[in-house]
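Please construct the entire structure, taking both the sequences and the accompanying hints into account.
Protein chains in written order, with our numbering: chain A, 5 to 274; chain B, 5 to 274; chain C, 5 to 274.
These aren't lab readings, by the way, just hints derived from the structure by calculation.
Wrong hints could be hidden among the right ones.
These stretches of chain A come out as covered by chain C in the derived footprint (C-beta under 8 Å, 3 or more residues) [stated by the list, open to error]:
{"id": "1", "region": "50 to 62"}
{"id": "2", "region": "71 to 84"}
{"id": "3", "region": "110 to 117"}
{"id": "4", "region": "169 to 177"}
{"id": "5", "region": "247 to 256"}
Now the stretches of chain B that chain A is said to cover, found in silico as 3 or more residues with beta-carbon under 8 Å [unchecked claim]:
{"id": "6", "region": "27 to 39"}
{"id": "7", "region": "75 to 87"}
{"id": "8", "region": "109 to 119"}
{"id": "9", "region": "198 to 205"}
{"id": "10", "region": "242 to 251"}
No farther apart than 20 Å at their CA atoms in a straight line, the calculated lysine to any residue pairs in the SDA-like style are these [as the list claims (entries may be wrong)]:
{"id": "11", "chain 1": "B", "residue 1": "K117", "chain 2": "A", "residue 2": "I69"}
{"id": "12", "chain 1": "A", "residue 1": "K19", "chain 2": "A", "residue 2": "Q71"}
{"id": "13", "chain 1": "A", "residue 1": "K117", "chain 2": "C", "residue 2": "E60"}
{"id": "14", "chain 1": "B", "residue 1": "K193", "chain 2": "B", "residue 2": "P10"}
{"id": "15", "chain 1": "C", "residue 1": "K265", "chain 2": "A", "residue 2": "N246"}
{"id": "16", "chain 1": "B", "residue 1": "K19", "chain 2": "B", "residue 2": "N246"}
{"id": "17", "chain 1": "C", "residue 1": "K113", "chain 2": "B", "residue 2": "A59"}
{"id": "18", "chain 1": "B", "residue 1": "K113", "chain 2": "A", "residue 2": "S64"}
{"id": "19", "chain 1": "B", "residue 1": "K27", "chain 2": "C", "residue 2": "A197"}
{"id": "20", "chain 1": "B", "residue 1": "K19", "chain 2": "B", "residue 2": "L268"}
{"id": "21", "chain 1": "A", "residue 1": "K117", "chain 2": "C", "residue 2": "A59"}
{"id": "22", "chain 1": "B", "residue 1": "K27", "chain 2": "C", "residue 2": "A169"}
{"id": "23", "chain 1": "B", "residue 1": "K117", "chain 2": "B", "residue 2": "A169"}
{"id": "24", "chain 1": "A", "residue 1": "K117", "chain 2": "C", "residue 2": "E61"}
{"id": "25", "chain 1": "B", "residue 1": "K113", "chain 2": "A", "residue 2": "Q71"}
{"id": "26", "chain 1": "B", "residue 1": "K27", "chain 2": "B", "residue 2": "E264"}
{"id": "27", "chain 1": "C", "residue 1": "K27", "chain 2": "C", "residue 2": "N9"}
{"id": "28", "chain 1": "B", "residue 1": "K189", "chain 2": "B", "residue 2": "A59"}
We treat Cβ as the ideally placed atom computed from N, Cα and C, and that holds for glycine.
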Amino acid sequence: MQQINPADVASAVYKDLLSIRNKAPLVHNITNFVVMQSTANALLALGASPIMAHAEEELSDIINIAQSLVVNIGTLDTVWINAMHKAMQLAALRKIPIILDPVGAGATKLRTKTALQLIQQVSPTVIRGNASEIASLLAVGSTKGVDSVFSSEQSVDVAARLVTAYDCVVVISGATDICLSANAKLSIKNGSALMTRITGMGCTATAFIATFCAVNPDAFVAATHAMIVNGIVGEIAASKANGPGSFQSIFYDVLYNLTEKDLLEKIDIE
Amino acid sequence: MQQINPADVASAVYKDLLSIRNKAPLVHNITNFVVMQSTANALLALGASPIMAHAEEELSDIINIAQSLVVNIGTLDTVWINAMHKAMQLAALRKIPIILDPVGAGATKLRTKTALQLIQQVSPTVIRGNASEIASLLAVGSTKGVDSVFSSEQSVDVAARLVTAYDCVVVISGATDICLSANAKLSIKNGSALMTRITGMGCTATAFIATFCAVNPDAFVAATHAMIVNGIVGEIAASKANGPGSFQSIFYDVLYNLTEKDLLEKIDIE
Amino acid sequence: MQQINPADVASAVYKDLLSIRNKAPLVHNITNFVVMQSTANALLALGASPIMAHAEEELSDIINIAQSLVVNIGTLDTVWINAMHKAMQLAALRKIPIILDPVGAGATKLRTKTALQLIQQVSPTVIRGNASEIASLLAVGSTKGVDSVFSSEQSVDVAARLVTAYDCVVVISGATDICLSANAKLSIKNGSALMTRITGMGCTATAFIATFCAVNPDAFVAATHAMIVNGIVGEIAASKANGPGSFQSIFYDVLYNLTEKDLLEKIDIE
Numbered sequence: 005m006q007q008i009n010p011a012d013v014a015s016a017v018y019k020d021l022l023s024i025r026n027k028a029p030l031v032h033n034i035t036n037f038v039v040m041q042s043t044a045n046a047l048l049a050l051g052a053s054p055i056m057a058h059a060e061e062e063l064s065d066i067i068n069i070a071q072s073l074v075v076n077i078g079t080l081d082t083v084w085i086n087a088m089h090k091a092m093q094l095a096a097l098r099k100i101p102i103i104l105d106p107v108g109a110g111a112t113k114l115r116t117k118t119a120l121q122l123i124q125q126v127s128p129t130v131i132r133g134n135a136s137e138i139a140s141l142l143a144v145g146s147t148k149g150v151d152s153v154f155s156s157e158q159s160v161d162v163a164a165r166l167v168t169a170y171d172c173v174v175v176i177s178g179a180t181d182i183c184l185s186a187n188a189k190l191s192i193k194n195g196s197a198l199m200t201r202i203t204g205m206g207c208t209a210t211a212f213i214a215t216f217c218a219v220n221p222d223a224f225v226a227a228t229h230a231m232i233v234n235g236i237v238g239e240i241a242a243s244k245a246n247g248p249g250s251f252q253s254i255f256y257d258v259l260y261n262l263t264e265k266d267l268l269e270k271i272d273i274e
Numbered sequence: 005m006q007q008i009n010p011a012d013v014a015s016a017v018y019k020d021l022l023s024i025r026n027k028a029p030l031v032h033n034i035t036n037f038v039v040m041q042s043t044a045n046a047l048l049a050l051g052a053s054p055i056m057a058h059a060e061e062e063l064s065d066i067i068n069i070a071q072s073l074v075v076n077i078g079t080l081d082t083v084w085i086n087a088m089h090k091a092m093q094l095a096a097l098r099k100i101p102i103i104l105d106p107v108g109a110g111a112t113k114l115r116t117k118t119a120l121q122l123i124q125q126v127s128p129t130v131i132r133g134n135a136s137e138i139a140s141l142l143a144v145g146s147t148k149g150v151d152s153v154f155s156s157e158q159s160v161d162v163a164a165r166l167v168t169a170y171d172c173v174v175v176i177s178g179a180t181d182i183c184l185s186a187n188a189k190l191s192i193k194n195g196s197a198l199m200t201r202i203t204g205m206g207c208t209a210t211a212f213i214a215t216f217c218a219v220n221p222d223a224f225v226a227a228t229h230a231m232i233v234n235g236i237v238g239e240i241a242a243s244k245a246n247g248p249g250s251f252q253s254i255f256y257d258v259l260y261n262l263t264e265k266d267l268l269e270k271i272d273i274e
Numbered sequence: 005m006q007q008i009n010p011a012d013v014a015s016a017v018y019k020d021l022l023s024i025r026n027k028a029p030l031v032h033n034i035t036n037f038v039v040m041q042s043t044a045n046a047l048l049a050l051g052a053s054p055i056m057a058h059a060e061e062e063l064s065d066i067i068n069i070a071q072s073l074v075v076n077i078g079t080l081d082t083v084w085i086n087a088m089h090k091a092m093q094l095a096a097l098r099k100i101p102i103i104l105d106p107v108g109a110g111a112t113k114l115r116t117k118t119a120l121q122l123i124q125q126v127s128p129t130v131i132r133g134n135a136s137e138i139a140s141l142l143a144v145g146s147t148k149g150v151d152s153v154f155s156s157e158q159s160v161d162v163a164a165r166l167v168t169a170y171d172c173v174v175v176i177s178g179a180t181d182i183c184l185s186a187n188a189k190l191s192i193k194n195g196s197a198l199m200t201r202i203t204g205m206g207c208t209a210t211a212f213i214a215t216f217c218a219v220n221p222d223a224f225v226a227a228t229h230a231m232i233v234n235g236i237v238g239e240i241a242a243s244k245a246n247g248p249g250s251f252q253s254i255f256y257d258v259l260y261n262l263t264e265k266d267l268l269e270k271i272d273i274e
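Structure below.
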């Protein structure tokens, strides 16, 4: 992707979006209590079929019919950690994409340790987090807190080390989203500050990545397409919203009605 | 209900709706994590008093003050399965209506088995699901998957067998909702495809049935009234919405303001 | 606060609001499944940084970086009760404000007993509930049910006894909100009946109190400021809403955009 033509990328994003709308891939989410509803609604508006399930007894049946797996550590406890390990093992056996969202890694030792143990057991296809969450996965035992701020260059360096360490795609969300694989990099400037004023937009982005990975076998390209859709929908919704409440409703409406023209007009990548 | 007069039915629905708004029946929900908030909001907009509780230690106290019970298996685990069994036993002793939503039955063995064990222990007053969920309750051990499609005739046949097997009212949701008891049948054509693009509308319908059963002792009639309200509100909301996000907000507004005139104008049953 | 000047109070409320918007205090919520998302969204719209976490292994890390703690007993079970006890002990050691919401106390023995055990172990900074919930904390062993109605005078008497018993600020929500400490009392008439038609507005008020306590060391004043913001935002949102669905979206928008002028124009206290 050294020579990026935004129009070509927008068309490729739209092709994947149509594929999602046609195939309605089943995305299995083991996610946190706060965002289950908003994640399900975002996936439905995108065109996917979300399923939330965490009982160990049914993970095998779910993974057998799912096209991708989201593991999100936002509200952990022992029951859920065990389910995450088992689901990732089953997904690896079935070779479906695994997307990890290390929510709050760095803020507590439990979250950092859990994220690391999950990654070390099974390499995720994609890891998405903010810069401090991603950085914490390289610094075992040291907590950074939730408010750590990294420069764009530092973020890329951190992501690059994680890509190498675990052979996966890494997405760092922020004012500019950075997508990195072993041999490609894309920065996405779309989005809106209003996206940080409702809960779960990061979790939604992670679930979008899982959905695009379900229809596009190139995980790096799929991750970039997901983040472009997320950023553009957020940007359009923010331009129509009076605040975070109306923003959330409009986000689903814009996503549901997203056209290739919207993508072509708004895409802002490099 | 062989000679159905839609206007008479609409008036009867409205009478029950007024009764709900006046009495605010307490509806006890043991439901899934994804839809707890949207179910509570739907019941409040309808005029009911929802309570969500699953600790075994308090089930007896809750059931003693509740007018009906919803059991929804959307996000199972052992703690919750035990609570569902205990709550249904207590509700049966107190003779309050029990409404079962077998979410995902057929998709995993755990869900099919759990739904069957619950039904075999205590016959629910009403079971509501989509066609493949309902069908799975007749075919122990064989999983159908979540995408099975049944013709309208097949759905009625499946529902009829379940009605006979467990002496309960059965509601199959779909483009046309089918309500069936041992000696009555009603088809409801109201609704909108947009209802499938937000999570939990089926769970909401189940909770509506529980609410109407709390004010109308005829479970079949109560179930039809609930599904008519659900379908008409969805239809009106969809006509005003730009997509699934605005649809959800408008659904609650329309429900809260629903008039007899709305019911009379929109009702589409046979 | 014997001589109350509403304009002075409105300005003091606004000063705290700006402080919240500037500092984005981290508020740790151990709350119920129904309202996790709406509480997080309300805190984000207010300007706070919400975190939801209940695993005992990470409570210490979370409390160490949090500026206040919310404990809400809306959907109890053993795992969560243990987490609540531990979190309150840790918060007391770190001397951060603890706000308790005894949801449903009085309706079940488990809830009444749990609320009392929590309070007797560690005195909360503020307790907020409706009149029957608050009253149940004085009447061990007798359940009042969820629909008990108290006169305004009875509510004040009940609150006064709780203030004395546990040396804390007590807020009783209702058509008029009553805030009481050992030496001060304020009644807040702002609000709207529509606030009772969506789930979790009481839980939101509790989380607002925790946020204001994070920036204002006077717990009584902080609690009154939180309830004034809650009431005024609800009142403005209700005036623009078509029903409970649009009310919820508009609530977040109004809160996010709340100005000193709004507070000055609407404040209705005595």
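Status of each hint after checking the structure:
Under the rule that three or more residues need a Cβ within less than 8 Å of chain C, the assignment of the region 50 to 62 of chain A is violated, with 0 such residues. Proximity of the region 71 to 84 of chain A to chain C, defined as three or more residues with a beta carbon under 8 Å from a beta carbon of that chain, is established by the 5 residues found. With a cut-off of 8 Å between beta carbons, the region 110 to 117 of chain A has 5 residues touching chain C; three or more are needed, and the interface restraint holds. Given a C-beta distance limit of less than 8 Å, the hint that chain C covers the region 169 to 177 of chain A is violated, as 0 residues qualify and 3 are needed.
Taking a C-beta to C-beta cut-off of 8 Å, the region 247 to 256 of chain A contributes 6 residues in contact with chain C, enough for the three needed, and the coverage statement holds. Counting residues of the region 27 to 39 of chain B whose beta carbon lies closer than 8 Å to any beta carbon of chain A gives 4, which reaches the threshold of three, so the coverage claim holds. Counting residues of the region 75 to 87 of chain B whose beta carbon lies closer than 8 Å to any beta carbon of chain A gives 5, which reaches the threshold of three, so the coverage claim holds. For the region 109 to 119 of chain B, the stated coverage by chain A holds: 5 residues have a C-beta nearer than 8 Å to a C-beta of that chain, and at least 3 were required.
For a cut-off of 8 Å, the count of residues in the region 198 to 205 of chain B with a CB near a CB of chain A stands at 5, and the three-residue condition holds. Counting residues of the region 242 to 251 of chain B whose CB lies closer than 8 Å to any CB of chain A gives 6, so the stated coverage by that chain holds, three being the minimum. A C-alpha spacing of about 18 Å is found between B/K117 and A/I69, which places the hinted pair at or below 20 Å, so the restraint holds. Distance check on the hinted pair: A/K19 and A/Q71 sit about 18 Å apart at the alpha-carbon level, within 20 Å; holds.
As the CA atoms of A/K117 and C/E60 are separated by approximately 15 Å, the hinted pair is consistent with the 20 Å bound. Between B/K193 and B/P10 the alpha-carbon distance is near 12 Å, which keeps this suggested pair within the 20 Å criterion. A C-alpha spacing of about 18 Å is found between C/K265 and A/N246, which places the hinted pair at or below 20 Å, so the restraint holds. Of the pairs offered as hints, the one joining B/K19 and B/N246 is violated, with about 32 Å between alpha carbons and a cut-off of 20 Å exceeded.
The hinted pair formed by C/K113 and B/A59 meets the criterion: a straight-line CA distance of about 12 Å does not exceed 20 Å. With a C-alpha separation of about 10 Å, the suggested pairing of B/K113 with A/S64 holds against the 20 Å cut-off. Restraint check for B/K27 and C/A197: the C-alpha separation of about 17 Å stays at or below 20 Å, so the hint holds. Of the supplied pair hints, the one linking B/K19 and B/L268 holds, its CA atoms being roughly 13 Å apart against a limit of 20 Å.
With a C-alpha separation of about 13 Å, the suggested pairing of A/K117 with C/A59 holds against the 20 Å cut-off. With a CA separation close to 36 Å, the supplied pair B/K27 and C/A169 exceeds the 20 Å bound. Straight-line distance between C-alpha atoms of B/K117 and B/A169 comes to about 16 Å, which keeps the hinted pair within the 20 Å bound. For the hint pairing A/K117 with C/E61, the CA-to-CA distance comes to about 11 Å; that is within 20 Å, so the pair holds.
With a CA separation close to 19 Å, the supplied pair B/K113 and A/Q71 stays within the 20 Å bound. Between B/K27 and B/E264 the CA atoms are separated by roughly 18 Å; this keeps the pair inside 20 Å, and the hint holds. Using a Cα cut-off of 20 Å, the hinted pair C/K27 and C/N9 is violated, with the two alpha carbons roughly 27 Å apart. Between B/K189 and B/A59 the CA atoms are separated by roughly 37 Å; this puts the pair beyond 20 Å, and the hint is violated.
Of the numbered hints stated above, those contradicted by the structure are hints 1, 4, 16, 22, 27 and 28, listed in ascending order.
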